[in-house]
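**Q** Construct all of the structure, not just a fragment, from the sequences and the given hints.
There are 2 protein chains.
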Amino acid sequence: MTLLMIPGPVALHQRVLNAMAKPMINHRSKEFANIYEECVSILKDVFHTKNDIFILSGSGTSGMEAAVSNVVDGDDVITTVNGKFGARFKKIAELYGNAIPVEYRWGNSVELDDIKKALENGAKVVTMVHNETSVGILNPAKEVAALAKKYDALFIMDGISSIGGVDAPIDKWGVDIAIAGSQKCLAAPPGLVAISVSEKAWKRIEETRAPYYLDMKEYRRYANKEVTQTPYTPAIPLFFALQEALRMLREEGMQERIKRHRRCAEAVRKAMEAMGLELFPCLNEISRHSNTVTAVNMPEGITDKQLRDGMREKGVLIAGGQGHLAGKIFRIGHMGIISAKEVLLTIEALESVLAEHGIGTGEGVAAAEQVLKI
Amino acid sequence: MTLLMIPGPVALHQRVLNAMAKPMINHRSKEFANIYEECVSILKDVFHTKNDIFILSGSGTSGMEAAVSNVVDGDDVITTVNGKFGARFKKIAELYGNAIPVEYRWGNSVELDDIKKALENGAKVVTMVHNETSVGILNPAKEVAALAKKYDALFIMDGISSIGGVDAPIDKWGVDIAIAGSQKCLAAPPGLVAISVSEKAWKRIEETRAPYYLDMKEYRRYANKEVTQTPYTPAIPLFFALQEALRMLREEGMQERIKRHRRCAEAVRKAMEAMGLELFPCLNEISRHSNTVTAVNMPEGITDKQLRDGMREKGVLIAGGQGHLAGKIFRIGHMGIISAKEVLLTIEALESVLAEHGIGTGEGVAAAEQVLKI
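Heads up: the protein sequence lines correspond to chains A and B, in order.
Under my numbering, the first residue of the first sequence is numbered 15, with each subsequent residue one higher.
Under my numbering, the first residue of the second sequence is numbered 15, with each subsequent residue one higher.
A few of these clues could be false.
One copy or two, it doesn't matter: identical chains are merged, so the pair holds either way.
[To be verified] SDA-like, lysine to any residue: derived pairs with alpha carbons at most 20 Å apart:
| hint | residue 1 | residue 2 |
| --- | --- | --- |
| 1 | K105 | E232 |
| 2 | K105 | P245 |
| 3 | K36 | T16 |
| 4 | K342 | R274 |
| 5 | K164 | D318 |
| 6 | K131 | D89 |
| 7 | K98 | K239 |
| 8 | K239 | H338 |
| 9 | K36 | L17 |
| 10 | K164 | G324 |
| 11 | K98 | L293 |
| 12 | K319 | I39 |
| 13 | K98 | E117 |
| 14 | K104 | D90 |
| 15 | K156 | D323 |
| 16 | K105 | R223 |
| 17 | K239 | K319 |
| 18 | K104 | E232 |
| 19 | K36 | R326 |
| 20 | K217 | Q320 |
| 21 | K319 | E45 |
| 22 | K239 | G334 |
| 23 | K44 | E327 |
| 24 | K138 | D128 |
Derived from the structure by calculation, the hints contain no laboratory data.
**A** This is the structure we're talking about:
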């Protein structure tokens, strides 16, 4: 079986796979309500929030669009961009209002001063991708949330590939709308997106006309019915899977899970360093390397195709660069249920493929083992 | 196990359930492309179309919104309404343009003259729900498609609960955008929606700004890439399931499947009649009883709750009325993989529950058996 080390969809545990094979149920029944409510309840712990959480049947992108379209109606939106998903927020903001981009080269760090300047001009919504999957950087969501609050702006955080794997306390930071994808750190299949909504965001949502399928007011109305439900038929098997994945998360414990992600990421980074490879992101004092995906500059002497085909032949799937970074970087996903074993297998395969092209030091596995204490 | 006789989500075959438990794959791989392409290829036979077909990760409603929002930008839209889903089209049309409703009491028939009059006033888009699930009526899509064509208007058909179970030859009728739901006649789980797009519709789509997640231009662009893909991460396990469900459909044969749906529906209707119950829809010469869901007036002497709870206790789930029809009708879904066996079990349970309240003749099962030739 192929080892999935791409930054989502992630490998699924057999328990989660089995859950999907359960017979179909009525989506307007107490049976479905119980599943939905349990998912929301665990997600509130994962998000560290008392805000409402809703689960939509759609990809992470549908969640990004739900967030923007429910609070923006011709308004200015500060969109921080330092990767593909930040750029996506900008495009969505342009559909519903005016994007005020605070833009950097992909992989470069966000500077707070730039956002502050943009806020001083009066925009009342800020979007940021917490973990920019495309470049392996963890953006300063905490700091930007505080800034947004100071200027009375709503803060929308794409936590699609961070929530459930790294620390992201929604209420403590003051994130008005946070988005988590099912197929990333939550270790469920793709197709669901969880969205938290603050009281402050609700005030704006109530006066905004949203697209029909993404109208959060309807999700709230149906969640508050006598039997909790979704306005439109939900992707039921994915809820079966999410419930099981969230139970597994609860069994592990959120703090343990964050630690595991940190340890696996640290092992990957140390291995890259020991192998003589360069990490792609350019950090400043408030940005960090991602603990869920590592982006590495493509070394000379091998093409993207050679590298990824070679890895695939050894049974490991990794990702390439997106957009203009295609061929220039490669990315290793290490989120969800990934443990030391998968990390080591990946580094071993990588060393072996690179060695075939005369690249690397052969010291990657040992460096990773040291971090993983194996 | 409970027998699911609601009008979607439908019961799934074990083969379809098993398919979902397969390990996760990369959605930008040849492996996923093969699955997507096979689904589209079989769906083209099911739709009887040479038009492009795309599969979106979302409920049927997201497909309805995709259809309208991709061709309407402030335009007049004739929305035929004789049930809940027609009313939904009207609401969606109001979001993107001006709805020109051609409206009837829910369950009453559509009159061609009314649509003709509306077309004479210049609207260039017509929406219709082919099989109005909420009231058990099959609307005259063929006739309305011909009318729309005559007036050079685009015809959008919600075939969510008809396509795959009843005759709906998209190209022959001239349907510009047709929508099928995964969880209805196709007998797959909920969460996917298939949309066909005619050349004429594309011309309009190319000049219309659609919501981000539902922009058909992006679905086309990604489908045409070297490796077929979707623009946003698809709900992969549901594609595994849809592939298997469509293979089963192909094994049965589309004509056989239509016959089976017709026979089961006829058996249900004859049984209702024999039991002294009244079907809800008011037909005219161009509308028909639905062959995928039967709507029945609630008999006196029993409440909706008593009826449906009683049925559930006997292991059969049926549906109530929606909106203002709650408590006034009940609905039996008979689509997907439903056969004579399930129909008879349902009627038997219904007779038994009604008998406990002194209602019915006890002649339902026999009447159904005669149609089913058992």
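**Q** Tell me the hint numbers this structure goes against, listed in increasing order.
**A** 4, 5, 10, 15 and 20
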